[in-house]
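Student: Sequence:
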Amino acid sequence: MAATLDLNADVGEGFGRWELGDDDAVLATVTSANVACGFHAGDPATMTRTVRTAHARGVGIGAHVSYRDLAGFGRRYVDATEAELTGDVVYQIGALQAIARSVGAHVGYVKPHGALYNTIASDERHARAVITAVQLVDPALPLVGLAGSPLLETARAAGLTVVAEVFADRAYTPAGTLVPRREPGAVLHDPQEVAERVVRWARTGAMTAVDGSQVRVRGESVCVHGDSPGAVEMARAVRSGLEDAGITLRPFRGADPR
1 MAATLDLNAD VGEGFGRWEL GDDDAVLATV TSANVACGFH AGDPATMTRT
51 VRTAHARGVG IGAHVSYRDL AGFGRRYVDA TEAELTGDVV YQIGALQAIA
101 RSVGAHVGYV KPHGALYNTI ASDERHARAV ITAVQLVDPA LPLVGLAGSP
151 LLETARAAGL TVVAEVFADR AYTPAGTLVP RREPGAVLHD PQEVAERVVR
201 WARTGAMTAV DGSQVRVRGE SVCVHGDSPG AVEMARAVRS GLEDAGITLR
251 PFRGADPR
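Quick note on numbering: the UniProt record's numbering labels position 152 of the sequence shown as 152, and the sequence is numbered without any gaps.
Hints may be right or wrong, so weigh each one.
Pairwise CB distance ranges, derived in the manner of DEER restraints [said to hold, decoys possible]: (1) G87 - V187: 38 to 48 Å; (2) W18 - A206: 30 to 40 Å; (3) R218 - D138: 17 to 27 Å.
These are calculated hints, taken from the structure and not from any lab test.
Heads up, the beta-carbon is just placed ideally off N, CA and C, and yes, glycines get one too.
Required output: the full structure, derived from the provided sequences and hints.
Tutor: If you want it as structure tokens, here you go:
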């Protein structure tokens, strides 16, 4: 059974007067915060407010970088060149780093969002672009990626620290990949069911796939989506379940903002 785990959520995903999710409540529950950097959501004021709150609560701060797809919330593939994508990721990390410095915090890791996250799990070209961007900005920044994906080995071979991530509220295929959001049952909504599923995984190392089979998944961080309906209740249920199981929750290495 895992002795310690990180619990992360995507936050700061509003824009202007539009808000998505209850970031304040989520940040009172998780140990790491993936902050939108402006390309799928987020703006300077939202980013500053989110980082300030996370820092005040001792929550790890990560750059949640995306394809340049504000209209599609970063969930659409963008056929950018490697150079273009590297520049876009460098830009986003740098923006969040500047905002973090302005409130006395720092960015401790990078986690791609949406279509970019799913694409680089297996696409070598865009994976190289993201890895190069992290190396250019700060090669000490850990890169968060899908547990079991080729990305993690590629990034590790390039000298980056990697953090394997599992998803509390997403369904898994028998191959250990995430069920695409367009398919029925891809996103789980029952907080108690999700909490029990995560605790079972933490104890056994296996996730139940959509066909009922057990998939071995090794991870250090558990994600609960901050934009999902009932995200706060789900995050609280997962945290409570893990703590009741004797698992310590804290930011993974490199994510502590202090």
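Student: The structure should be examined with respect to each hint, and the outcome stated for every one.
Tutor: Here's how the hints hold up against the structure:
1. G87 - V187: 38 to 48 Å: violated (32 Å)
2. W18 - A206: 30 to 40 Å: holds (39 Å)
3. R218 - D138: 17 to 27 Å: Since R218 and D138 have Cβ atoms about 26 Å apart, the given range 17 to 27 Å holds.
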